[in-house]
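Q: So the protein lines, in turn, are chains A, B and C. Residues in the first sequence are numbered consecutively from 1, following the working numbering. Residues in the second sequence are numbered consecutively from 1, following the working numbering. Residues in the third sequence are numbered consecutively from 1, following the working numbering.
Because the hints were derived from the structure by calculation, they are not lab data. Worth double-checking, as some hints may not be accurate.
[Said to hold, decoys possible] If you want the footprint, here are the derived chain C segments under chain B, 3+ residues with CB under 8 angstroms: (1) 294-308; (2) 475-482; (3) 489-503.
[What the hints assert, rightly or not] With a straight-line Cα cutoff of 30 angstroms, these simulated BS3-like cross-link-like pairs (lysine-lysine) come out: (4) B:LYS290 to A:LYS280; (5) A:LYS193 to A:LYS331; (6) A:LYS433 to B:LYS497.
All C-beta atoms, glycine included, are put in the ideal place defined by N, C-alpha and C.
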Amino acid sequence: MREINILKNGLIFIVIFMMSFAATAGSEDYDYEKIKDKYYADHPGKGKYADLWEAIPIQQYWNPITFYEPPTSVKGEYNAAECVTCHKNETPGWVHAWKDSTHANLDELRGLTEEDPRFYKKAKLAEVEQHLRSRGVLAEDKNLDSVGCMDCHGGVGKETISHDKDLRMPDRADCGQCHVQEFAEAEAEKEQKWPQDQWGEGHPSHAMDWKANVETGIWAGMEQREVAQGCDMCHYQQNKCDGCHTRHTFSAAEARKPEACSTCHNGVDHNEFEGYMLSKHGVIYETSGKADWDFEVQLKDAITKGNYTAPTCAWCHFEFEGEFSHNLVRKVRWAFNPTPAIADNLDHPWFEKRQEAWVDTCSNCHSPRFAKAWLDTADKGIIQGLEVEQEAKQIVQKLYDDGLMQGQSTNRPAPPAPESDAPGGFFGLFWAKGNNPSLVDRIYAEMWEHDLIKHYKGLVHVNPGGFTYSEGWARLMRRYAEIQNEDSRLREMDALKKKVEELSK
Amino acid sequence: MREINILKNGLIFIVIFMMSFAATAGSEDYDYEKIKDKYYADHPGKGKYADLWEAIPIQQYWNPITFYEPPTSVKGEYNAAECVTCHKNETPGWVHAWKDSTHANLDELRGLTEEDPRFYKKAKLAEVEQHLRSRGVLAEDKNLDSVGCMDCHGGVGKETISHDKDLRMPDRADCGQCHVQEFAEAEAEKEQKWPQDQWGEGHPSHAMDWKANVETGIWAGMEQREVAQGCDMCHYQQNKCDGCHTRHTFSAAEARKPEACSTCHNGVDHNEFEGYMLSKHGVIYETSGKADWDFEVQLKDAITKGNYTAPTCAWCHFEFEGEFSHNLVRKVRWAFNPTPAIADNLDHPWFEKRQEAWVDTCSNCHSPRFAKAWLDTADKGIIQGLEVEQEAKQIVQKLYDDGLMQGQSTNRPAPPAPESDAPGGFFGLFWAKGNNPSLVDRIYAEMWEHDLIKHYKGLVHVNPGGFTYSEGWARLMRRYAEIQNEDSRLREMDALKKKVEELSK
Amino acid sequence: MREINILKNGLIFIVIFMMSFAATAGSEDYDYEKIKDKYYADHPGKGKYADLWEAIPIQQYWNPITFYEPPTSVKGEYNAAECVTCHKNETPGWVHAWKDSTHANLDELRGLTEEDPRFYKKAKLAEVEQHLRSRGVLAEDKNLDSVGCMDCHGGVGKETISHDKDLRMPDRADCGQCHVQEFAEAEAEKEQKWPQDQWGEGHPSHAMDWKANVETGIWAGMEQREVAQGCDMCHYQQNKCDGCHTRHTFSAAEARKPEACSTCHNGVDHNEFEGYMLSKHGVIYETSGKADWDFEVQLKDAITKGNYTAPTCAWCHFEFEGEFSHNLVRKVRWAFNPTPAIADNLDHPWFEKRQEAWVDTCSNCHSPRFAKAWLDTADKGIIQGLEVEQEAKQIVQKLYDDGLMQGQSTNRPAPPAPESDAPGGFFGLFWAKGNNPSLVDRIYAEMWEHDLIKHYKGLVHVNPGGFTYSEGWARLMRRYAEIQNEDSRLREMDALKKKVEELSK
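Build out the structure end to end from the sequences listed, making use of the hints.
A: Structure follows, in structure tokens:
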């Protein structure tokens, strides 16, 4: 009897400790309503080119905030149990995923012991509950039973919703009801300000990626809306959270694995995933990580408790000065693509401090001297690529100014509004008509928008083939040679035509 | 004693139950001899261009039906135990693979309990045995001990074979001796009939892939037989089953994993594997599937018992109206490549019903409205790609008709028989001589045979980069620009040459 | 008491047995000092173009032998415990990796039983200790406690080092202090001699890869040192061992996995990893190997105890006539790239015996007849590719000899020393200025240095798409068509210019 009392007292102590922890370091520090209001206020909806395009049905799922309408096929008021009853048969996959998720098994969290890698979630849950209580969403004497259909598709604590009227596809603010800290961190990316205005405030970032999408001229202007919506399929992180934590499992462990980033961070103009996987880092993940690392461990304990012997995407990009957060832009320097405006300012304190932050990051496993040597190597290598690209740019601009591009005077239609014509413009990667873009335009567009970026990404992700022989430098040399060849061919032809004209007189 | 009797009676009841199950739903529904006879009757052997090419030694392994001869190096009559004795030393890898396989451990199946994911194999085995008994291949009072060397390389139940005379490399019909249901399902692909004859009967399918191979003009006509046989290395599913169930493990679980499809379904003109792996589906397989899903579970229980939270190749393509079968073509719509003959008939019931079947498939995890919205998006996106390709086709055809392709009038040899010349023909991907194909031919060949297909595959496998910026649309724009550029360059040159000729008169 | 005695006696017997084993088959057969001296004597340092380039800071880590200097930031004499105390905080990643490594847990090895796949390491350790004793590095009555900071960064057995004076980055010879057998085997690659001098002695090999690097003209001559050092990042195997056994885990199991090879063996001119992963072999590794094979097992027991049902990179390339060693060049035939000098000599016994050795390798899982048929197919397929490339070479050479390359007479600067100009030279993949390389140069350079090699690699790694439709043959056809097109375009233009000149007279 006495022992039971001691146990009970111990438990009470622990609960109080947890709660006090939640009270001091937890979600209450964030004013959810304020963050939410700002989130919606910032959201661009259809953006500044709204008049130029119409949403197609699938886009309601990429941007539910602006476009989602509940289906009218099912009417009536339902509670969570009824959802499950129907959807177990209608859409069993998502019901099973949810049933196995943490959301459906909150009590499991309450029973976790310190040995469990997910132990930290116990405190997290207490924190979330305390936060919900403080907002009056959860009764003072109540715990969350589970996070179920209603909570996300209606609103936390809702008992029933009208299927054809109230059904929501959750957005960032909906997830933020409980995950207010993560919501706040992720939204903080918008505060990023570049010292020489290399990018607009908050850009580039997950928090602004939908705005970046809809306010890209050729995206808005192109006629093929079903192709264009493919861009939305990555540029929706501003709208919702299941890009990294796939519904209806919503796993933290999933998002800690490099593959979670791969659907968006791959390919011709941002091959981060390929670069990582072929780097030593990725190889260690492949050979040791998949079998031996514990991805349930939170990032801050990855090395000490998670057995990590190499970094992952999340580990490096969530980290900043030893702390981990959903604000991923705090160490960004070269951003999306290398430009002179960045290259020429690397000695500015803004860039230097960020390089120092990187040295700290790398120094978790490398000597600071090694880290600095590598980061300097990467910077210089990027600049070497940039110089070649800039030289090619002059050649292409001159051809355009001289009116010598193939078909320039006979068959070069303007790109669709809001775009306007330019040599080697971004639009030419996604639109073509007649001789616009001409071959040399397109080559140059790929040079600056594919090859230079891959060169940079190969360097910063330490993938040797990525900036020497397969991608990067070797491809920049290819583009340079092609552009020079085309330049002299076009000018030779022009000279010959003039000569013949002369002779015809 | 009494308890033992109860147990015994229970076992007898179970056995009878199994047998009755086998009798009602099992392999006996299939007439093995009939299927086998049709299989061999349909088999094209060397096909209609047989006179144009000679088989090389390796091809006896890709198409044993037509080419295999037992080696003469080992003579004599051997039984299975003797095979193992020798081959344990000669070729230990395959002996070990077999020893660990289900084939070598049938008794293990008999002991499985319902909790085991492979429990279904117990009924399967009873079914197979019942089927073999009904055909007189297995004695009425006997069970299969194991499936050993003789059964596959001689014939089920054979005791010995003459190594230099009887040794067979198993074909579909050999595996079908036991796996008659799977054999029948797989052969049923040949029944596929397209409503507007977009493809020949049974094409395209695994069941006809050898025929498709040997009856492709350039395959038969090209001189480099060692290169050509590389095509056979995938186009042999019509001949044998170890393309998906690798010898000598012959695992069902293996074939359920996406990588099993990857050797053939990758690359420039059918990048299904790459598309899947970079899609959300593939990412969930990578992050959750590899660690947590049970691939021993049969496909129909993948969600409920196998823990799948995303589809695999097999899961989607084996499924049709809720049932799973080795007939993979029942939901095929765009087939190998998008063409106007398909695009213009999507409102035909044949295509509409298949889209409905896809909606059902996707609705295992998505709302039917989402599924329909996506499938419509994919269709429209494919058609947008097709339109660009068709416009380019006209330009290339016109150049050819005008005789303006580079070297067309001076150095354009005909392709080898049975091919005949055509602008941008398929042959130009595998054959080149002089100015055939010219650059613009080749560009167009890659446009329709690589880029348009990847555009389609990217869309249907929900890989955003696959149809927007890396592959698909962005590449189609590249090809279009190149073709326009080449068109105006060639015509400009032609005009100039004519002018000079005029001046020379 | 008696039982304890029996146990003790048993242990003594085992120890004596181990030692006797070590004495007969172990490291003592190798004269460490001699191998080490030769290693350093052979090492090229900066190589024959030393005057042309200056090392940059990061290169001290790729080639510590020549460039490494201890950091001056930390001064003083430290022992291993002090290293750990500091670095646990400074660079926790590497400390954790080491703490979990075999190096830090030698006693664990001493306790292994025969059932443990790592049991062989027990004998290995005894052998290493015996070897160290025989060299007087380890006292006769002592065992190694662990392999710690001092042993590698100071010298085996050192108690303390001066951080700013003595700190070493370990090279091959440092690892070889203990791993003398592996060191000797790896160094034996230098003994390779080609029968018709197709390659210089010991080339190509890991053991000479740094020399190959620094003595490549364009590497030494190019201005962009930060790009050039990217080549070092793979070409450092001659210098150190952590290319395959990543610091500070130094795992044998890691290096047995195919991904361990992937950082270097991928990409445009040696896509071995991609080829393997898409081959049947790689697919079996993916579907069975990752879950079921035991990579702790040494290679010689891979099939029997490790459960391998397909080969890995290491398994095939370490094996020679049934034995496994760190000399990977004993079955090399086509080496880096197919050339006539190899193709024309395949009937020489040197090549024939190596093919026989491959037949033996493949016969672990395939019939010798299959193996021979495949290897012959691969050879012939490679030669077919080579023939096309050689024909293209003539065309490009002729254009160069005729002075007809785009810009050849007006704007073709010489490449930097020590390179000299040549049509389609290797330098043109990494350097470009004005019209050098011209388009046709670059196309041809990619043909011989990318596409022909990938064709060969696709064949020998049995990846059908790698030598038919995606890479290899199909790309060689593309290059051939481009070169023919450019040839006739350039000649047509030249003829026209001459005609116009004629008219202008």
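Q: If a hint holds in the structure, say so; if it doesn't, say that too.
A: Hints, one by one, checked against the model:
1. 294-308: The restraint on the segment 294-308 of chain C holds, since 4 of its residues have a Cβ under 8 angstroms from chain B and three suffice.
2. 475-482: holds (count 5)
3. 489-503: holds (count 7)
4. B:LYS290 to A:LYS280: 22 angstroms, holds
5. A:LYS193 to A:LYS331: Judged against 30 angstroms, a Cα distance of about 12 angstroms means the pair holds.
6. A:LYS433 to B:LYS497: OK: LYS433 of chain A and LYS497 of chain B at ~27 angstroms, within 30 angstroms.
In this structure, none of the earlier numbered hints is contradicted; all agree with it.
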